[in-house]
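J.: Residue-level listing of the chains:
Protein chains: 2
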Amino acid sequence: MTFQKKYEEYAKIVASLGIHVTEGKYVLISCPVIAADFGRMVAENCYKAGAKDVIMLYNDEKFSRMRYDHAKKEVIADIPFWQAERRNLYAREGCCNVSIIADDPEIFTGADSEKMMASAIASKKAFKEFYDIMDRGGVRWTVVAYPNPQWAKKIFPNLNEEQATNALWEQIFRTVRIGEGDAQDNWAKHDVVLKKRAKQLNDYAFSCLRYQNGMGTDLSVYLPEGHIWYGGSEEDREGIAYFPNMPTEEIFTMPHKDKTEGIVYAAMPLVYQGAIIDGFYLKFHKGKVIEYGAKQGEAVLKRLLDTDDGSRMLGEAALIPYNSPIRETGLLFYETLFDENASCHLALGECYPNTIRGGEEMSEEELKRCGGNKSVNHVDFMIGTADLSIDGITADGKVIPVFRDGNFVF
Amino acid sequence: MTFQKKYEEYAKIVASLGIHVTEGKYVLISCPVIAADFGRMVAENCYKAGAKDVIMLYNDEKFSRMRYDHAKKEVIADIPFWQAERRNLYAREGCCNVSIIADDPEIFTGADSEKMMASAIASKKAFKEFYDIMDRGGVRWTVVAYPNPQWAKKIFPNLNEEQATNALWEQIFRTVRIGEGDAQDNWAKHDVVLKKRAKQLNDYAFSCLRYQNGMGTDLSVYLPEGHIWYGGSEEDREGIAYFPNMPTEEIFTMPHKDKTEGIVYAAMPLVYQGAIIDGFYLKFHKGKVIEYGAKQGEAVLKRLLDTDDGSRMLGEAALIPYNSPIRETGLLFYETLFDENASCHLALGECYPNTIRGGEEMSEEELKRCGGNKSVNHVDFMIGTADLSIDGITADGKVIPVFRDGNFVF
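Taken in order, these protein sequences are the chains called D and U.
Heads up, the first sequence is in the numbering used here, so the first residue is 1 and it goes up one at a time.
Heads up, the second sequence is in the numbering used here, so the first residue is 1001 and it goes up one at a time.
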């Protein structure tokens, strides 16, 4: 398959599988300026699938960085109504949303962290309506990647920019199952596997998962009653399937925010706000991080944990076999969309309300009472190693092996 | 001077001369995605000059074209509040506005003209507040160019894309007076020349200009009482100077919309909504076009004239010597910003309220009574030839030669 064929196929499946555009839908596309060509190709597929309109929201991380360097904190924290409305309006109408990410992992290195935090908090508030509707199944959404040359160079430091970018393209195509056979078929098969795993875990309805490995991880993650494991495609409130992430290898659910106990060691570096946190551990008691340390980026980790109450508690637990095709590339992508699919991970911060029964209809307070976490942050960190063991503990105390040597037992 | 030096100088004078950024200002930058690098450089200069914030509004003509091809007319004509507000809000605060243009002259060839018109009318309405404030001196604004490869190829069809783009860059730098000496000094000197010409014409206070040439043009353009000739920099209501166009070679004023008589032949092709109108003439009676014809694009010309009442009447008369540096490039730029500065021109449609005494404070009705034209359109067309003569007729009937053989007499 030529590059052009793969590229076109990619744009096509973003529209068809990613957000599953249907007649009369508004589609928002958050598109980095460097990915304009790809954004347009996705847009064209959306129009052809009957979209009422495509709202192309171009963004530019280089300009964002400049803005952090020059504009005052109060200016950055003041998100005008029009900016909120250009998302919220379409969520109200039940739109689809594509986020194309093409981030230089180091673009925000050295930027003013207070301003970045102020911006994150203000955004969360300004786009609350959008996210609330999305969390309640009112928006079909997907996150997909596009190679930024700086990002590619970070992954492939020994290649020149053009070679690195091409190499990253190949990894993107491979991990989104383009190149061999029909991509739609590949995704359908993949979805069956993920759904089967999720069903098995849902059938067990574990009250706790215990993670252990040779790094020293010994963590008990308690799961709330009624938690739901998801994998692969999800359904919006109309019952239409979409893939929130492409690629995706994970099955995931909601931990009880107040019950995590023990210690966990990160298996991979974490990129947070353009800075790298590496060689870190977190110690939990009653759900909260009570101790932590990092070989690199400890101050950044502290800032992350101190953002708000919810940033010290878990919002997601995801299981990915060590033999996942993304792990098997042997690459560190410096990008959550990929790295989270290479390794079992947990997330500090916000939960997904759909990962508990009735969660999409719960108020914030109800959700919290059931163990759902709220935060400005949702930051995945990787904990899956080749020797990871996970036991599931059922409500009646039975211990069921879930992972051995980094992979699913069943 | 290296390319990089010129490029940086260009971004600098856009911020300093074009909009004259001062402390605490909001700056809007309308930036084509292909010009993101340049837009950022302008933004940085704005921040360094004390801008409170820069609002970067990326646009993409390729996506716009796609939208015209796919979205329904009623969708295109429905400009949501947030889109209007993202300009109007900042005008209310007294912002500066940079428009970077990088248009492929043929991007809209064959696009649905009804949709384009619907969009133009809806935009005019949605951004009325913005334009009203701008017309009344509340926004310092500038229009500058950036080479689009397709545009460059249109000007230099015998060069390859890269060569053509470089050639266009050189023309842009030259016409914005970058490359020899200090650009700020060059502009200051140029401004003195333009202001001197404007003053002379203001002192004459002609009631009519009569244009004649060998093509057959014989047109009497009557000027309203109190009309003002402008050239070069203008002043906003704070009395701060800025250059609305870079480059600029014109001095211009407002014709009386109801009084033009005679016939005028276009000296150059006109690009309107991505289509070319060439070899055309317009015959006026009592201010209105009553007859017209074109060798190419007559249907497009008809559409332009039929847009609204004001599209058949004049809103601007501008004088540019045939020996203008832009004319002397010998190039047809297919872009009004350049071509209008190569040739005497007239504009069909909207007038500039500041070109009549007190116009900025007049209501729409008052302005109309004084001869000021209102329209969705403001379309410049070129009438200056090497043999153009213009006589000015004073209130007491004296005939003063203004142009002979295409150039200013004084």
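Worth flagging that the hints you see were computed from the coordinates, not collected in a lab.
Keep in mind that this is a model prediction, so the values were computed, not measured.
The reader is advised that the hints may include incorrect statements.
As the list claims (entries may be wrong) - Each computed BS3-like pair below joins lysine-lysine, with the alpha-carbon atoms no more than 30 Å apart: (1) LYS1072(U) <-> LYS12(D); (2) LYS62(D) <-> LYS1012(U); (3) LYS52(D) <-> LYS1062(U); (4) LYS1062(U) <-> LYS5(D); (5) LYS12(D) <-> LYS1073(U); (6) LYS48(D) <-> LYS1052(U); (7) LYS1062(U) <-> LYS6(D); (8) LYS1005(U) <-> LYS48(D); (9) LYS1072(U) <-> LYS72(D); (10) LYS1062(U) <-> LYS62(D); (11) LYS48(D) <-> LYS1115(U); (12) LYS12(D) <-> LYS1062(U); (13) LYS62(D) <-> LYS1006(U); (14) LYS1115(U) <-> LYS115(D); (15) LYS124(D) <-> LYS1052(U); (16) LYS1012(U) <-> LYS52(D); (17) LYS115(D) <-> LYS1048(U); (18) LYS12(D) <-> LYS1048(U); (19) LYS153(D) <-> LYS1052(U); (20) LYS52(D) <-> LYS1124(U); (21) LYS128(D) <-> LYS1052(U); (22) LYS115(D) <-> LYS1006(U); (23) LYS73(D) <-> LYS1048(U); (24) LYS1115(U) <-> LYS62(D); (25) LYS1072(U) <-> LYS1124(U).
As the list claims (entries may be wrong) - Derived coverage of chain D by chain U (criterion: at least 3 residues anywhere in the stretch with Cβ under 8 Å from a Cβ of chain U; other residues may be distant): (26) 187 to 198; (27) 249 to 256.
C-beta atoms are modelled at their ideal positions from N, C-alpha and C, and glycine is treated no differently.
J.: A separate judgement is required for each hint: does it hold in the structure or not?
T.: Hints versus structure:
Between the alpha carbons of LYS1072(U) and LYS12(D) the distance comes to roughly 22 Å, so the proposed pair stays at or under 30 Å and holds. A threshold of 30 Å between alpha carbons decides the hint, and for LYS62(D) with LYS1012(U) the separation of about 18 Å falls inside it, so the pair holds. With a C-alpha separation of about 18 Å, the suggested pairing of LYS52(D) with LYS1062(U) holds against the 30 Å cut-off. Proposed proximity of LYS1062(U) and LYS5(D) is supported: the alpha carbons are some 21 Å apart, at most 30 Å.
A hinted pair counts as satisfied when its Cα atoms are at most 30 Å apart, and LYS12(D) with LYS1073(U) qualifies at roughly 25 Å. Note on LYS48(D) and LYS1052(U): the hinted pairing is violated, with a Cα-Cα distance of about 42 Å set against a maximum of 30 Å. A distance of roughly 22 Å separates the Cα atoms of LYS1062(U) and LYS6(D); the hinted pair therefore holds under the 30 Å criterion. The straight-line distance between the Cα atoms of LYS1005(U) and LYS48(D) is roughly 45 Å, outside the 30 Å bound, and the hint therefore fails.
For the proposed pair LYS1072(U) and LYS72(D), the alpha carbon gap of about 41 Å is over 30 Å, so the pair is violated. Between LYS1062(U) and LYS62(D), the direct Cα distance comes to roughly 22 Å. Compliance with the 30 Å bound is thereby established for this hinted pair. A hinted pair counts as satisfied when its Cα atoms are at most 30 Å apart, and LYS48(D) with LYS1115(U) qualifies at roughly 18 Å. With a C-alpha separation of about 18 Å, the suggested pair LYS12(D) and LYS1062(U) falls inside the 30 Å cut-off, and the hint holds.
Restraint check for LYS62(D) and LYS1006(U): the C-alpha separation of about 22 Å stays at or below 30 Å, so the hint holds. A distance of roughly 42 Å separates the Cα atoms of LYS1115(U) and LYS115(D); the hinted pair therefore is violated under the 30 Å criterion. As the CA atoms of LYS124(D) and LYS1052(U) are separated by approximately 23 Å, the hinted pair is consistent with the 30 Å bound. Simply put, LYS1012(U) and LYS52(D) have alpha-carbon atoms about 41 Å apart, too far for the 30 Å limit, and the pair is violated.
For the hint pairing LYS115(D) with LYS1048(U), the CA-to-CA distance comes to about 18 Å; that is within 30 Å, so the pair holds. Of the supplied pair hints, the one linking LYS12(D) and LYS1048(U) is violated, its CA atoms being roughly 43 Å apart against a limit of 30 Å. With a C-alpha separation of about 34 Å, the suggested pairing of LYS153(D) with LYS1052(U) is violated against the 30 Å cut-off. Between LYS52(D) and LYS1124(U) the alpha-carbon distance is near 23 Å, which keeps this suggested pair within the 30 Å criterion.
Proximity of LYS128(D) to LYS1052(U) is assessed by CA-CA distance (about 26 Å); at most 30 Å being required, the pair is judged to hold. With a C-alpha separation of about 33 Å, the suggested pair LYS115(D) and LYS1006(U) falls outside the 30 Å cut-off, and the hint is violated. Between LYS73(D) and LYS1048(U) the alpha-carbon distance is near 16 Å, which keeps this suggested pair within the 30 Å criterion. In summary, the hint linking LYS1115(U) to LYS62(D) is not supported, as the alpha carbons are separated by about 34 Å, beyond the 30 Å threshold.
Restraint check for LYS1072(U) and LYS1124(U): satisfied, since their Cα atoms lie roughly 19 Å apart, inside the 30 Å limit. Look at the segment 187 to 198 of chain D against chain U: 0 of its residues bring a Cβ nearer than 8 Å to a Cβ of that chain, fewer than three, so the hint is violated. Only residues whose C-beta sits within less than 8 Å of a C-beta in chain U count toward coverage, and the segment 249 to 256 of chain D has 0 of them, not enough to reach three; the restraint is violated.
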